[in-house]
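Trainee: So you can see what is in the structure, the chains are spelled out below.
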Amino acid sequence: MSVASSLGGQAGGGEVAGGLMGRAAPETSSVATSTTAGPELVQLLTPEGERVSHPDYALDLTAEDYRSLYRDLVLVRRVDVEATALQRQGELGIWAALLGQEAAQVGSGRALLPGDYAFPTYREHGVAYCKGVDPLKLLGLFRGVSHAGWDPHDHNFGLYTIVIGSQTLHATGYAMGIQKDGTEDAVIAYFGDGATSQGDVNEAFVFATVFNAPVVFFCQNNQWAISEPLERQTRIPLYQRARGFGFPGVRVDGNDVLAVLAVTRAALRNAREGNGPTFIEAFTYRMGAHTTSDDPTRYRLASDLETWKLKDPLERMKAYLVRSGMADAAFFAGVEVDADALAAHVRKGCIEMPDPDPLSIFDGVYAEPTALLAEERARFAAYLSSFADGPQADADSAAATAGGR
Amino acid sequence: MSVASSLGGQAGGGEVAGGLMGRAAPETSSVATSTTAGPELVQLLTPEGERVSHPDYALDLTAEDYRSLYRDLVLVRRVDVEATALQRQGELGIWAALLGQEAAQVGSGRALLPGDYAFPTYREHGVAYCKGVDPLKLLGLFRGVSHAGWDPHDHNFGLYTIVIGSQTLHATGYAMGIQKDGTEDAVIAYFGDGATSQGDVNEAFVFATVFNAPVVFFCQNNQWAISEPLERQTRIPLYQRARGFGFPGVRVDGNDVLAVLAVTRAALRNAREGNGPTFIEAFTYRMGAHTTSDDPTRYRLASDLETWKLKDPLERMKAYLVRSGMADAAFFAGVEVDADALAAHVRKGCIEMPDPDPLSIFDGVYAEPTALLAEERARFAAYLSSFADGPQADADSAAATAGGR
Amino acid sequence: MAPTTLAKAVNMGLRKAMESDPKVLVMGEDVGKLGGVFRVTDGLQKDFGEARVIDTPLAESGIVGTAIGLALRGYRPVCEIQFDGFVYPAYDQIVSQLAKMHYRSQGTTPLPVTIRIPFGGGIGAVEHHSESPEAYFAHTAGLKVVACSNPVDAYFMIRQAVVADDPVIFFEPKRRYWEKAELDESATPPPLHSATVVRPGDDLTVLAYGPMVRTALEAAAAAAAADEGRSLEVIDLRTLSPLDLVPVLESVRRTGRCVVVHEAPVFLGMGSELAARITEACFYSLEAPVLRVGGFDTPYPPSRLEEAYLPDLDRVLDAVDHAFAF
Amino acid sequence: MAPTTLAKAVNMGLRKAMESDPKVLVMGEDVGKLGGVFRVTDGLQKDFGEARVIDTPLAESGIVGTAIGLALRGYRPVCEIQFDGFVYPAYDQIVSQLAKMHYRSQGTTPLPVTIRIPFGGGIGAVEHHSESPEAYFAHTAGLKVVACSNPVDAYFMIRQAVVADDPVIFFEPKRRYWEKAELDESATPPPLHSATVVRPGDDLTVLAYGPMVRTALEAAAAAAAADEGRSLEVIDLRTLSPLDLVPVLESVRRTGRCVVVHEAPVFLGMGSELAARITEACFYSLEAPVLRVGGFDTPYPPSRLEEAYLPDLDRVLDAVDHAFAF
Ligand SMILES: Cc1ncc(C[n+]2csc(CCOP(=O)(O)OP(=O)(O)O)c2C)c(N)n1
Ligand SMILES: Cc1ncc(C[n+]2csc(CCOP(=O)(O)OP(=O)(O)O)c2C)c(N)n1
Ligand SMILES: [Mg+2]
Ligand SMILES: [Mg+2]
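Chains as they are written, first to last, in numbering that gives the first Met the number 0: chain A, 0 to 404; chain B, 0 to 404; chain C, 0 to 325; chain D, 0 to 325.
Where hints are given, some of them may not hold.
[Said to hold, decoys possible] Some, not all, of what chain D presents toward chain B, calculated at C-beta under 10 Å: (1) L24; (2) G64; (3) I67; (4) L69; (5) Y74; (6) Q92; (7) P109; (8) L244.
[As the list claims (entries may be wrong)] Footprint (simulated), chain B over chain D, 3 or more residues, beta carbon under 8 Å: (9) 52 to 59; (10) 138 to 144; (11) 163 to 173.
Don't read these hints as lab results, they were simulated from the structure.
These figures come from a predicted structure and were not determined experimentally.
Don't be surprised by glycine CBs; every beta carbon is placed ideally from N, CA and C.
Hey, can you work out the whole structure from these sequences and the hints?
Mentor: Structure (structure tokens):
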């Protein structure tokens, strides 16, 4: 398998219709709890792998679509597991695992057309994959060799954003630009349950609704913001936030890749058609630690994890493929081979990622360089060169490299 | 009439019951326009001065209560008109008129008990009056002699707040403190329609709901944020913002002092009883310019003003008092006398307000003074003293004063 | 060539920028019909339409955050922050997002966003309307920070800021909005990031920017007229980040004395950086330490105190005297 | 008396503060059950309850804004900002509200709020987790700003910050969290706003604070051991606003040379203010300009570059050499 061929999968081939979304999304006044999603949840595939229908969200896929969705889920999880292992082995400084959120990311990522722009947090490895970013490039940030390994414009996939919520405004602005351009592109902004408390996210709702911008707010409610449960952020289901701003909100089973795909497509279509923003709450669960630095045993119960394991997004797709006869053992074996190849690519590439040149500290601060910074750089270069066999062997050799510039 | 006696009027004498507010406030999906409020508006007194009832908001007042509410409206407007005139005459640098918003302020201000704390914007002159702040003290800020002329704790009335929305978080924090103290006080946070777009205000909603804090969010929707109409801030009625955070929102006729009183009392009671925050949208109109620096003819139609003049908060109360026989000509004349006296007090006090001592620049920066600042002050004092008959006559004489310290 | 106010000059510069490039947008609170509270955007919405001159919701973080998104889409937004004291809600978007995104993207993603901020005191305003927050931005790598002092610079500098591919924080001296000068639109301006000697002199160098340039010039005139007949060289810094030190160092090496003037509090104000750098570069030329004249290290006081708070001709001359007393 | 880490020392100081005054609250993201991402608040919620140790919604402006309200109600909130780079959303609440409210209220309304910020780099973290934003706060009148450098100071300084009636921005050097020292809780600490000579010397004064104090001490030890045998005096500034200049000026007058070290970018960093002030006060004593060693004027780089980015022993010694070369 060529790694490249495993990437770049945009929305599957079949002509797929999502339910038409009216302005008034289903609303209840029930109070959210962290383990039950309530009756308002859109689902097309049960945890047991049973295909169900939903009055508002039809989804008509080919067998090939179903298989490739499953394959993406497996590959994305495999990258995540590999990266987690690389962190444990000291190759990455930290890793923010998406474990458990594969369906939310692949389902929404696959709903995007090439012209659609995605604004991620730091956890959207699955979306990045769907947008054609080589997962290896994601590792640079976590290894500490760069702040971003990809050019956002190459993939219509923004920089990872760590300052919680800030990207939702960028997404809204970008969508306002699309509107001015008069194209049919749309934007998707990813954020977590915790992020909904940030002023920026709420300002994004204001701007998006006032300007009717073609943006989909995609909230992965994984029930936790590090150690804080959902109840620290809201006392009602999160998708209902949208009604306070006058735009539709919908809660989808975030572990159901089909439902997420259908709901996201519908929301994107809505945006393209000039109907403005939609809030999607993908109801899911962070199966791992917040990041590899975190210790969730300090704040949550193992039993919660057990409950959610039963809702695993991969298992249910696998069950459905098997039950429906759309895939056989050879298919599953093939997917494993692809996953192994991708993991090997990621591992090898990661370990071989070179440390950056110390003088690259000064690169790219400005689009139009300044004399002051050039001076500072020159002074530092001279300083580095001053170590003939000084204590800073690293800097020393680096300076030599730099001297060649 | 003694001026003091006209102040400090807290909630009127009668035992007054407001409607019990459930969690689910009346909601519609109608889109707001700037001249019609929609059917959801709570009203107890029509623009024509007809007393009507509302199923959720009973209000049982004595004749004395009605008269004193009217008196407060007149006095507050009179102060406002006087301050506007003082600005025109160069005695104030600027003035933010409350013209048209008297009922929203007096109605809500009179609903407050002495232990309730109000967090104002820069326009809550009527609320200040209800909290016993001598209107004269409000003028200091606008004359430029102080940033605040009153001690917030003396009146449970916070500093005027110019940075839009920031006080809503202070209010929420204060309410969280009340909760910890276990007292039955409540808090009211004032803000405008424009403020609802600020991140801080939405964060206040998050904190208030998550902690179930005893705070009433009182939004005076006067249809304008300087030159921007309501449509620049929201595409649905503002009171519906609350539903996005899971707390009740209600729209009240902001030009109906009775309805505002009843709705605010109910919300405060709700808060005291441990039921958390309420959002009140007082639907009103800014009859004047944004401030005396503004020129509204650049951005709004005179015809709008005409429409709203018919809804004047004072006229309808007057009509009701006359119609119901609760007040006679002597009463109205008496109110005019009181208003004249208050205006004279404000005018005289304003004109006589001394300029502050230049060295007071250094006062109160810290609760625990620093040597560095003391040095800076001393240097400046020496500098000022160096002008025997220098060009800075002002600073000169001020320095002499300062020397006496 | 009619005399043009500074406010009008910015307006003309914006108009020119919008005419030259359809991607240029103007956005902020009240910039549309009202034309801004200082009328700097007067008439632009009428001529360029609501799609290009955008009255935004009342949220500064939202303004800057959406401007970043618009820039990513290929637009060149010019944001107006209504007054200096209202920029802080946008601080994260400015220092963490706008400033760092080009660097974070390894130079792939330019952010041509201009943020206009009327700044400084002297107009008798209430609190939060008279601040000088430039150091908060100049300390932030990735931003460029400039301040204009007169109508001619205002016109050319805003045009240069808009076409620049880096984020520019553009400070306008609000109390000089109504000052006039002849403006020749066909002149060739100096580069945006250059300082200018606005009055040559031999005995002491006065550095100023924005509203204080005029004050410095007045001080120089008074010093020349006084008994001592001191010849002060006045440099308008124009650019605060990056600093243009070339004319500054040349001047101080010649005069041996330097006074920096700004309205912002002295503590960690621009004067501190200038003093430190000049001292390092001109250590053997200095006859006296670089002295700083600025706002006191207090919050901005009530307006009836601002005359005392703000540096004026006398305070500048006092510092000049001190410099000569060393 | 067991050796105590800096993180534990802050924890103990907070515990003591909470025991001493029931009005003291701890609030922030993940400060409760988790005990903070650095475990600085470990065990506090268990012992003092959820009413006093509050896991807040994920919103920094909300944290500081509600802390202000709680302070107005008579509480003494200690807010934790999880990392330096996440304080900016709260910037308006800190610089416009918290800093100015006492002044605006004419001294009637104290704001005893402490904001704890783990700051600085050196732990291999991703972006926004290694910044040194102290100058943004030190430039703001009305705030007090301190930085501890060792467990003993950490313990006493946090206690002093909490009982202070002014808002205190309390910087904790995150890469020193795990360093240990003997802590005698019954000792009498110096005042919060005082600098301390941590190593006496005669030839040059090194000023540092927070994480760089240890680096400065290492440099001093290396300088003493080197051929030249230079004797560096190291001063731990501890307080950044107000500065305690008394021991600094005394020292520089004696040594005639001074180097300031911090992780923050040099441009408009604390070093600029120190250089400007010291030069003015010690003009005739200085044998060389005050030199500054700091982070470069770039955003914080990816962590594999931080060793090169951050001042270390060698960079300090390089500056010392330069100072002697004047
Ligand atoms: C402004 C800001 N504050 C705090 C943090 C530290 N932090 C990183 S992730 C996180 C929790 C985010 O929770 P959520 O939004 O639910 O996203 P998730 O991590 O669960 O995907 C916090 C508090 C941050 N990155 N940015
Ligand atoms: C953070 C901030 N941004 C901008 C301003 C400038 N400003 C002052 S009042 C105002 C409009 C406020 O509108 P609204 O909230 O509706 O209150 P109103 O003045 O109508 O009572 C604006 C934009 C400010 N004071 N604070
Ligand atoms: Mg989460
Ligand atoms: Mg309004």
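Trainee: Now tell me, hint by hint, if it's right for this structure.
Mentor: For each hint, the structure was consulted:
For the restraint placing L24/D at the interface with chain B, the shortest Cβ-Cβ distance is roughly 8 Å, inside the 10 Å limit, so the hint holds. Among the interface hints, the one on G64/D holds; its C-beta lies about 3 Å from the nearest C-beta in chain B, closer than the 10 Å criterion. Checking I67/D against chain B: minimum C-beta separation of about 5 Å stays under 10 Å; hint holds. Hint status for L69/D: holds, given a least beta-carbon distance of 4 Å to chain B, under 10 Å.
Hint status for Y74/D: holds, given a least beta-carbon distance of 5 Å to chain B, under 10 Å. For Q92/D, the interface hint holds, since its Cβ comes within 10 Å of a Cβ in chain B; the closest pair sits about 6 Å apart. Restraint check, P109/D versus chain B: the minimum CB separation of about 4 Å is within 10 Å; hint holds. With a cut of 10 Å, the hint placing L244/D at the interface with chain B holds, because the nearest CB-to-CB distance is about 8 Å.
With a threshold of 8 Å between beta carbons, the proposed coverage of the stretch 52 to 59 of chain D by chain B holds, since 3 of its residues qualify and at least three are required. Here's how the stretch 138 to 144 of chain D fares: 3 of its residues keep a CB closer than 8 Å to some CB of chain B, so the rule of at least three is met and the hint holds. Coverage of a stretch by a chain is defined here by at least three residues with a beta carbon nearer than 8 Å to that chain's beta carbons; for the stretch 163 to 173 of chain D and chain B the count is 3, and the condition holds.
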